[in-house]
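Kindly generate the complete structure, drawing on both the sequences and the hints.
Quick mapping for you: the protein sequence lines, in order, are chains A and B.
For the first sequence, numbering that gives the first Met the number 0 assigns the number 0 to the initial residue and increments by one for each residue that follows.
For the second sequence, numbering that gives the first Met the number 0 assigns the number 0 to the initial residue and increments by one for each residue that follows.
Rather than coming from a laboratory, the hints here were simulated on the basis of the structure.
A few of these clues could be false.
[Said to hold, decoys possible] Simulated restraints, written as ranges between beta carbons of each label pair:
1) 3/B <-> 139/A: 53 to 63 angstroms
2) 213/B <-> 194/A: 41 to 51 angstroms
3) 55/B <-> 213/A: 58 to 68 angstroms
4) 212/B <-> 116/A: 28 to 38 angstroms
5) 209/A <-> 3/B: 25 to 35 angstroms
[As the list claims (entries may be wrong)] Sample of chain B residues lacking proximity to chain A, with all beta carbon distances greater than 10 angstroms (derived):
6) 50
7) 55
8) 185
Note that beta-carbon positions come from the ideal geometry of N, C-alpha and C, so glycine has one too.
Residue-level listing of the chains:
Number of protein chains: 2
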Amino acid sequence: MKNKKKAIVLISGGMDSAVCSAYAKKDGYQLAALHLNYGQKTESKELKCFENLCDFYSIKDRLVVDVDFLSQIGGSSLTDKKIDISDADLESNEIPSSYVPFRNANILTIAVSWAEVLGAEAIYIGAMEEDSSGYPDTRKIFFKAFQKAVNTGTKPETNIEIKTPIIDLSKKEIIKVGKNMGVPFQHTWSCYKSSGKACGKCDSCALRLRGFQQLGIKDLIDYEDGF
Amino acid sequence: MKNKKKAIVLISGGMDSAVCSAYAKKDGYQLAALHLNYGQKTESKELKCFENLCDFYSIKDRLVVDVDFLSQIGGSSLTDKKIDISDADLESNEIPSSYVPFRNANILTIAVSWAEVLGAEAIYIGAMEEDSSGYPDTRKIFFKAFQKAVNTGTKPETNIEIKTPIIDLSKKEIIKVGKNMGVPFQHTWSCYKSSGKACGKCDSCALRLRGFQQLGIKDLIDYEDGF
Numbered sequence: 000m001k002n003k004k005k006a007i008v009l010i011s012g013g014m015d016s017a018v019c020s021a022y023a024k025k026d027g028y029q030l031a032a033l034h035l036n037y038g039q040k041t042e043s044k045e046l047k048c049f050e051n052l053c054d055f056y057s058i059k060d061r062l063v064v065d066v067d068f069l070s071q072i073g074g075s076s077l078t079d080k081k082i083d084i085s086d087a088d089l090e091s092n093e094i095p096s097s098y099v100p101f102r103n104a105n106i107l108t109i110a111v112s113w114a115e116v117l118g119a120e121a122i123y124i125g126a127m128e129e130d131s132s133g134y135p136d137t138r139k140i141f142f143k144a145f146q147k148a149v150n151t152g153t154k155p156e157t158n159i160e161i162k163t164p165i166i167d168l169s170k171k172e173i174i175k176v177g178k179n180m181g182v183p184f185q186h187t188w189s190c191y192k193s194s195g196k197a198c199g200k201c202d203s204c205a206l207r208l209r210g211f212q213q214l215g216i217k218d219l220i221d222y223e224d225g226f
Numbered sequence: 000m001k002n003k004k005k006a007i008v009l010i011s012g013g014m015d016s017a018v019c020s021a022y023a024k025k026d027g028y029q030l031a032a033l034h035l036n037y038g039q040k041t042e043s044k045e046l047k048c049f050e051n052l053c054d055f056y057s058i059k060d061r062l063v064v065d066v067d068f069l070s071q072i073g074g075s076s077l078t079d080k081k082i083d084i085s086d087a088d089l090e091s092n093e094i095p096s097s098y099v100p101f102r103n104a105n106i107l108t109i110a111v112s113w114a115e116v117l118g119a120e121a122i123y124i125g126a127m128e129e130d131s132s133g134y135p136d137t138r139k140i141f142f143k144a145f146q147k148a149v150n151t152g153t154k155p156e157t158n159i160e161i162k163t164p165i166i167d168l169s170k171k172e173i174i175k176v177g178k179n180m181g182v183p184f185q186h187t188w189s190c191y192k193s194s195g196k197a198c199g200k201c202d203s204c205a206l207r208l209r210g211f212q213q214l215g216i217k218d219l220i221d222y223e224d225g226f
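Here it is, written out as structure tokens:
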């Protein structure tokens, strides 16, 4: 156990990060888990999912970081109370109001700082290019550029690889792969609106529900009536 | 005034950021100022300098962000109370204990998020490659890579340029250029150790003092006896 290489997994509490944890575990790393509270409306529920997932994957090294600045800065319906969370429009090509500017970059830079202190050699992030909500910082081209920033901006002896194991998967495939890997989806949360029962209507619920429906599998979390 | 392009200036309260503000002003931008409190030991003094510099440059749009995570993560004598701040060794090629892992990347990602919300087209950062303390994320090669991450990780209509106007200058040249531009160095702070009188001994004091001495100019801030 002592000589295992370390990896940081970004665990938001959503399905993607849960599947990512399973990948990192399978790759043989000793895991450390990072969770960001960026003032999102459903943080209490997401934090609980984070803790449950860490327990499930026996992760002792946990770091929860408050990044209030993302709500100070605003611009997103997820963090700005003045902006309503709109219902999903999965056919639209526009970047939705839930977009938090440069969020993945913020998450990753924090992870890189921690990785350099921990001596971790990999950072797992559950970004998806195809089936995301169209956010620019979920694309391979962004991660490739960011990797270069990491290589040039850290100590010469530091080698940190950004890993995006599910970037090419659809939500449906993530659920399928996750099921096969034994991911406890009951300990994950996707809804942007509610910490009680999931609304079933926001972008994130819509993507999740569509994935489960396409596979004909029951989603074990609670939804408001009608979903 | 209304149609001026906006730029964010990162104002730590140090000399470099003060000179950077002068450059941004000269370049004709309407300025917004970002200051980060990362739990450094001298924050109270630095924040005061930030406010004074904003007043001096008539900057109304000010954002002070707490990034406690950098002290949570630790690893630097600037933020970790368990690590002593060592006296300067300007001849050493080693990265000193004051290095905050990936700090500039963290600062810049926050600035980019804010820039995207504000519609700012430039971010000024007072990084210096040659005369820095040997931190990897003060090098041109890092900023070039980070610029690509910005281009790929923000909305297609967003164009944010990272500007490093003093990157090729020495501390001596910064003071010289700053003097010519009327930069109020009495409103800047460099010492890593003290918020009262500057210690004169830490890396940052040593670089500052050497710069003023080389130019034969008096530094107007207070130092402990003997400097």
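Okay, the hints, checked on the actual structure:
1. 3/B <-> 139/A: 53 to 63 angstroms: violated, 36 angstroms
2. 213/B <-> 194/A: 41 to 51 angstroms: About 59 angstroms separates the Cβ atoms of residue 213/B and residue 194/A, which means 41 to 51 angstroms is violated.
3. 55/B <-> 213/A: 58 to 68 angstroms: holds, 60 angstroms
4. 212/B <-> 116/A: 28 to 38 angstroms: The hint (28 to 38 angstroms, Cβ to Cβ) holds, given that residue 212/B and residue 116/A are roughly 35 angstroms apart.
5. 209/A <-> 3/B: 25 to 35 angstroms: Violated, since residue 209/A and residue 3/B (Cβ atoms, about 46 angstroms apart) do not stay within the stated range.
6. 50: The claim stands: residue 50/B keeps its Cβ more than 10 angstroms from every Cβ of chain A (closest is about 17 angstroms).
7. 55: Consistent with the label, residue 55/B stays out of reach of chain A, its closest Cβ about 24 angstroms off (over 10 angstroms).
8. 185: holds, 29 angstroms
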